[in-house]
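Visitor: In case you want the letters, here they are:
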Amino acid sequence: MSSNPSHSNTVDTRGPRFGAAITSALLLIAIFLTVTGAVVAATTLAIIIVVLFAWGAIAGVQNHPWGLIFRSLVRPRLSKQAEFEDATPPRFAQLIGLIVVGVGLLLHAFAVPYALLIALIAAFIAAGLNASIGFCLGCEIYLLLARIGVIKTRAAH
Amino acid sequence: MPWEIALIVTSALLVAVLGLGFLLPKYRKRSVQGEQFTHENTSEHPDTALNFVLFSSDYCANCPAVRRVLTELDDEYPQISWSEVNLSHNLELAKHYQIMRTPAVFVLNSNRDILTRFSGAVAKSAFVAEIQTQLNLHPVEENHVQ
Chain U
764 MSSNPSHSNT
774 VDTRGPRFGA
784 AITSALLLIA
794 IFLTVTGAVV
804 AATTLAIIIV
814 VLFAWGAIAG
824 VQNHPWGLIF
834 RSLVRPRLSK
844 QAEFEDATPP
854 RFAQLIGLIV
864 VGVGLLLHAF
874 AVPYALLIAL
884 IAAFIAAGLN
894 ASIGFCLGCE
904 IYLLLARIGV
914 IKTRAAH
Chain H
-2 MPWEIALIVT
8 SALLVAVLGL
18 GFLLPKYRKR
28 SVQGEQFTHE
38 NTSEHPDTAL
48 NFVLFSSDYC
58 ANCPAVRRVL
68 TELDDEYPQI
78 SWSEVNLSHN
88 LELAKHYQIM
98 RTPAVFVLNS
108 NRDILTRFSG
118 AVAKSAFVAE
128 IQTQLNLHPV
138 EENHVQ
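Line order of the protein sequences matches chains U and H.
For the first sequence, my numbering gives the first residue as 764, with consecutive numbering after it.
For the second sequence, my numbering gives the first residue as -2, with consecutive numbering after it.
Chain H with its partners taken away, still in its complex shape (with noise of 0.2 Å):
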């Protein structure tokens, strides 16, 4: 084959493969309905209005990436609190709730009735969008720290 026409192919191969990364979902979001979180997280805080609960693993490459966001989501907004459980040590919860891949946070309210789950490298910005819907549903007025 020609250099030209090898060049072309395998640029359109660099092409492809970055188009596919683009086109990949980083993370999932799933809204669900009538679902509570039953399992004994002492770690969490009933008080507050939304409850992230982390879901990670011993060789979870994305989760100190999102334990920092969450860190820094409840530095900014009181009305929310986050908490971790490790699968690893966990597989029957994995099973429960088919948890497929760490890491993914399910939101809980007050209730602890599982409002939306994620999973995967969630961006603050989902968060943020996320936390910004379903404080709009309760009357707690947001309070965002600048």
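Chain U extracted, bound-state conformation (with noise of 0.2 Å):
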């Protein structure tokens, strides 16, 4: 995702749908391939997905493959007018869908049933909103803990 060249935690706001989107491709792949009975296929996509999460959680939404795939090739190509939201929602939002689908695949390395299957659709429920009409639910938990003050943010420093 491009930044404001003025604002350095900020992302352009298509650039999290864009992720997205490509997010909820590959949770609806794995959750296809989880369906027929490949859980080798499965269980390997679901551990990529992990891992791009845990990229995104780390580094920030900005240096995620998906952020640097927006900035380079889909951005430039958009139309010039664009809104900057602070990065750190989104990147909390990377973290859940972390969360979510790790405990997943732990609960599956378990073999408890279905743990692996719900876990992608929840996620893919999540990204799936967030690609199509930008509702980010990782970023509203996030607001929602800095409402009630469990996350502290700059406001109240």
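To be clear, the hints were calculated from the coordinates, so they are not data collected in a lab.
Predicted, not measured: the structure shown is a model, and the values here were computed from it.
Glycine included, each C-beta is placed from N, C-alpha and C at the ideal position.
Accuracy of the hints is not assured; some may be wrong.
[Claimed, not checked] Some chain U residues judged to face chain H by a derived CB distance under 7 Å, without partners named: (1) Asn772; (2) Thr773; (3) Leu791; (4) Val798; (5) Asn826; (6) Glu848; (7) Asp849; (8) Pro852; (9) Val875; (10) Tyr877; (11) Leu880; (12) Ile881; (13) Gly891; (14) Leu907.
Could you use the hints to bring the two separately framed chains together as a complex?
Guide: This is the structure in structure tokens:
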């Protein structure tokens, strides 16, 4: 995602939605593989998805592979008008995705039935809503936690 | 499960999520009666028929879009003005007016009565409809600059 030069921790609001679209597609494929019984392929893809979520949570959405693709290939082809948002909530959303799919994988490793499928579906719903209508569930969770004081924000300091 | 059935199931899931996104309201609108906006907002313009007060916050993804729309409307409709309050620095205000999410927009008349409350990513057409509705109640004629 391209950053506003005047604000180093901001991203083009279209960037996270682009990333969510790709993530949704990967999650849908993983769901399909899980449902068809291709357990090894589904687990492998789920691990890749977890790694990607971890990448976003640690390095930030600006430095995520989808963010780099958006910045270099997609954004130059979009209209110049763009709003910028703080990158912190989308980054937190990546952490939420990491936790959801990660827990699903962990439970799957312990042979808990349908754990991976449920986790993938939950993550797909969140990513799909972000991609389709820009509703970022993870971002809303971040704002809720900030509002009740669990997360300290810049405004609280 | 056969791959054909799996394909149908995943397609149904995709349609369901897209449908959910289609059905979820992008914004909410509520008409208000008998409530005044008493916060001392120094950037308000008391001489305009309508004043839009935008409540934003530090991590508000949709606030820039609403800000842009209000700026455009300010240019198009001389009878309106708009101002902004950052709730990140006014938590008491958010509690007092029970503003649960941002962006939120209050539409005030010249007496600072709250006419309508919007919350969420409000489309420009909704604000235009609001302006046209509210201005018809006033003796001032519409002067929409094309």
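Visitor: Take the hints in turn and mark each one as holding or not.
Guide: Hints and how they fare:
1. Asn772: 11 Å, violated
2. Thr773: At about 10 Å, which exceeds the 7 Å cut-off, the nearest Cβ of chain H leaves the hint on U:Thr773 violated.
3. Leu791: Hint holds; U:Leu791 Cβ to chain H Cβ min 6 Å, cut 7 Å.
4. Val798: 4 Å, holds
5. Asn826: At about 19 Å, which exceeds the 7 Å cut-off, the nearest Cβ of chain H leaves the hint on U:Asn826 violated.
6. Glu848: Status holds, d = 4 Å.
7. Asp849: 5 Å, holds
8. Pro852: With a closest approach of 5 Å, the U:Pro852 hint holds.
9. Val875: 19 Å, violated
10. Tyr877: With Cβ-Cβ at 13 Å, over 7 Å, it is violated.
11. Leu880: Since chain H brings no Cβ nearer than about 10 Å to U:Leu880, farther than 7 Å, the hint is violated.
12. Ile881: 12 Å, violated
13. Gly891: 4 Å, holds
14. Leu907: The hint is violated - U:Leu907 has no Cβ within 7 Å of chain H, the shortest such distance being about 10 Å.
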